[in-house]
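Protein chains in written order, with the numbering used here: chain A, 35 to 692; chain H, 5 to 309; chain U, 18 to 203.
In short, the hints are calculated from the structure, not lab data. Check each hint, because a few of them may be wrong.
Okay, derived cross-link-like pairs now, PhoX-like style, lysine-lysine, Cα gap no bigger than 20 Å in a straight line [claimed, not checked]:
| id | chain 1 | residue 1 | chain 2 | residue 2 |
| --- | --- | --- | --- | --- |
| 1 | U | LYS180 | U | LYS141 |
| 2 | H | LYS106 | U | LYS141 |
| 3 | U | LYS174 | H | LYS243 |
| 4 | A | LYS504 | H | LYS219 |
| 5 | A | LYS268 | A | LYS205 |
| 6 | A | LYS430 | A | LYS374 |
| 7 | H | LYS73 | U | LYS185 |
| 8 | H | LYS106 | U | LYS203 |
If you're wondering where the values come from, they're calculated on a predicted model, not measured in any experiment.
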Amino acid sequence: MARIGVFICHCGENIGRTVDCAAVAQESAKLPGVVVSLDYKYMCSDPGQQMIKNAIAEQKLTGVVVAACSPRMHETTFRRAAAEAGLNPYLLEMANLREHCSWVHEDRPIATGKAVDLVRVMVEKVKRNRALYPIQVNVEPTAMVVGGGIAGIQAALDIAAGGKKVILVEKSPSIGGHMARLSETFPTLDCSQCILTPRMVEAASHPNITLMTYSEVEAVDGFIGNFEVTIRKKARYVDPAKCTGCGSCYTKCPQKKIPSEFDALLGKRSAIYTPFPQAVPNKPVIDAEHCTMLTKGKCGVCKKICPRDAINYEDKDELVKVKVGAIVLATGFELWDHSKYGEYGGGRLVDVIDGFQFERLASASGPTAGEIRRPSDGQVPHTVVFIQCCGSRDEKQGMAYCSKICCMYTAKHAMLYRHKVHDGRAVVFYMDIRAAGKGYDEFTRRAIESDGAEYVRGRVSRIYRRADGKLIVRGADTLAGRPVSIEADLVVLADAVVPRKGGEKLAQMCGVGYDTNGFYSEAHPKLRPVETAAAGVFLAGACQAPKDIPDTVAQASACAAKVLGLFAAPKLEREPIVARVNQNLCVHCRACINTCPYGATQDREIKDRQGNVVKVVAEVNEGLCQGCGTCVAICRSNAIDLDGFTDEQIFAEIATLE
Amino acid sequence: MNSIGYYPGCSLSGGGIELDLSIRGLAQLAEVELREIDDWNCCGATAAHNLDHNLAIALPYRILALAEKQGLGEVLAPCAACFSRLKGTNVRLERSGDLKAKMQTIVDLPYSGSVKILSITEFLNRLMELGLADKLPKKLTGLKVAPYYGCLLSRGEDIVSDDAESPSAMEAALRATGAEVVDWNFATECCGGGFSMSLTDAVLDLSNAILADAKAAGADCIVTGCPMCHSNLDMRQLKIQSSGMGQYDMPVLYLSEVLGLAAGMGCDQLGLNRHFIPAMALAHRFDPPPQAAETAEAVSDQRSN
Amino acid sequence: MSHTQQSELGARIAEQTGMNVLECYQCGKCTAGCPMAKYMDLTPSQVMRLCQMSDEGAKEQVLRSGAIWTCAGCLTCTQRCPKQLDPAAAMDVLRELSNREKMTSPQRRKILAFHKAFLTTVRKTGRMSEFPLVRRYKISSRDFFSDVLLAPLMVAKGKLGFKAHKIKGRSQIKTIFQTCADLARK
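I would like the entire structure built from these sequences, with the hints used as guidance.
What follows is the structure, encoded as structure tokens:
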């Protein structure tokens, strides 16, 4: 005989505001099988959990329904409490009165009625639950970090320092990411390369870290503790084992006019190249698109010049399979393309540049050796206009969100310009100054108060190039209540921070969610900021949201802590929500085997005592099964059921609503 | 023979008469019949929407209802303001059934929403497709034109289909005449619109900036599709010049006048003689006086001898 | 939506245009692009700002401003507003209200006089004709002497019709004007 307990949570005001929780408890008490029904302000709190535990012990409950928030939020909490009281945790179910009811309704009586229905459904389900036990799986104690910027480097170094192996995958020829391109960093103005390059070298030389540059993730299979990843090592056309990085090849390469991605297209590189002199590994690759030997079969200079015979024009992409227990995604960001802003010249004005281009102009290793010279004619600009929020906070043409880092780097740009061009005028158009960070507000104030940047509060409506070459910037000074027009020589747009193009593909491979903007979704915005919906996959840096270097590094270290925690135990417990085949009913049509997205269903031979095969049936590998239920749906003889979500349970839920 | 509805609007029988003349001429050339809406009224233009939001819809509603009654599927509204008002009314009626019902009560005429409004650029591009392109014998080679769209042929996302920041609806037609389209900055800047009399100083300022930019870009003339812009840039140019703001002598032509020139139509037929800033000289550039032609012939005769 | 509007002007704008002025975050892009801003006593973004406030002083300041009448309706603000608001449409609502409540700025009475002269001409004849319009405008604005030299030139170019064109459906037009005026009074 079922003895069910129902516990209704008010969730402070979240549920209580629109649902009459006491009434729901009263109604629930009348349901057949329910022996106790209580409501409480915060069921997840210690006294709330104690209430459940006491009822389990005193009333000898066989099942529990907690009607509160989403099970994604607190199912683990309540199941742990049930287990502590001696009840198998899988005999506890949650009815979602918050996301499914109070948050989406306004009418109190109707919402209360719906809440009673939601409880009744779960009571019918839990009556049919059976005790389940977690599944033990092995853990491969190696992590893969995708992305070799500061986020990926930091995560890799911290995991490696914890004694575990790391494979660091980077798609470009060198690690270092965007940070390697920056001139100086806020709020201390220390040189970016000076603080980054030692870490790049450390990552390359650490015995626990395997660097895979010029490589991309092709496929991800498996699950937490047991991922199988296919990585494409792109053809480098240079054998890294032989190459010493002497540089003869790129000095002699006749193709020298290729816009350098590293220099934000302001500088030039050769067809065989390392992105920058401090690259790690410091071994060139050949850009197959621009190398005339590879496109037309003419040239071959680098092969002739190479003293180590490291050049191989026949090189091909290679697919490598690795087994890893955890994945850290650190794929970073790119800048929004301001050519969408027709009113700012639609990308046609060469002296209207983006933040990275200004970084390269200000960088000692950049195309102008650190002198601020505008792209069109190489002149030193006497008036530079900086425009914040370009494509940010613009739901019409750009992104609705604040890109977070632009206020700070624009202040830095204005400062650097004023430090380098003493008689120059720096005008910054801004909407709000968002400088919440240690030493940040002091930094922007310094730009205004002592470094002489003129800050104008207002957006810019239009930029055009007058016949005399001046860029006319039409903005507003909303504090003075007047339109302003500035004659500028250079305009720097603080373009919005957006996720990497094509990042959705990697997310889908890993089972990670992403928001409408394409940023990867964390498991919980406050309490699980580095985990994702996919167990064993973690997020570091700007792939999750716009972030500056300190936040990125902190998040990367947090990822490392999570990975090391996961690797600390030799075995991992998994939820026992898996499919189960009734071998008496299975007719071995193989539909489930063909359809399982995880390869978890397989053949099993049933033999008699003599060892003769009498029957072949389908069987589910508990280690691989993700409990998606596809096999249950496709099985035509109804031989498969999903533990925790059996047909019987679901039919009972539906039937009670009629 | 193709036919199309025609809503000339009030300006075209007064200040914008050249626009009417040149459009009729081109339509005839392309063998398109213009069927004028019977007993049309003013659309309310720049005035009604300031003072009465119902009136601003009701006046265009009557025009649309009359056109529908007359069986006109498409109606050309050459004046940019009329075009904007008429098409804007269509858009708003389509969005709100309540508004439609309200207007039917006010105007006491039914209207289902079937009439499609064409702007001057849409109409002229249509004529080009219908064969006008093959009837432009005269090449306006060397003529540098600054296409000026102003506000109402560039902005209004539900109304104008062109790119608001860099519209191009005039370009193909202008290039077909052999003219050179200059790259300039003020193609979509406002000329001051309907403030010609009530806030004249602002109109002079804004129009002056437009003329200055066209001159700096090396344009021989500005090309427009709006009678209001035309009057501000052409008629008000006299005041701009006499008050010493700048000296331009910049003819301002309707797009239809430029096409008419290329089609070989006469200055009087196009209304070029009615401009305040003389435009005839521009036309004569491509129209050598008979005497000069004879001389040229004589020279070539001598050579062949 | 209207329950989010605390201010009378905000509610009126929401009702007539569907726009929520509270979405304006005062970036100033409307002011930055406005060709008329330099002739205004309030910038367009200040007008939007005041419409967000529910105090009587804010309403007065907007409806008595010259700015709302100085707007040329060029739509640059609307085109470029990153919040997809329509300040140009808000200006229409405010002008209508300013006129109805007789709060129009004396500085901009010529503009109002022109609009009124225009509509009177249309009400009487069904169409706008330059000469009757200009005559009415000059009388009501008492602006007798500007552009007097232009008139003969216009006549010479065939651009100033002396006779007003009267359409047949004049009575319909009068009814339309009357019905709209009645609706406004409600």
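These are the hints, each one checked on the structure:
1. LYS180(U) x LYS141(U): holds (13 Å)
2. LYS106(H) x LYS141(U): violated (23 Å)
3. LYS174(U) x LYS243(H): Satisfied, since the Cα-Cα distance of roughly 17 Å is no more than 20 Å.
4. LYS504(A) x LYS219(H): This hinted pair holds, its Cα atoms lying about 17 Å apart.
5. LYS268(A) x LYS205(A): holds (9 Å)
6. LYS430(A) x LYS374(A): Holds, at about 11 Å.
7. LYS73(H) x LYS185(U): At roughly 16 Å apart (the allowed maximum being 20 Å), LYS185(U) and LYS73(H) satisfy the hint.
8. LYS106(H) x LYS203(U): holds (15 Å)
In terms of the numbered hints stated before, the structure departs from hint 2 and from no other.
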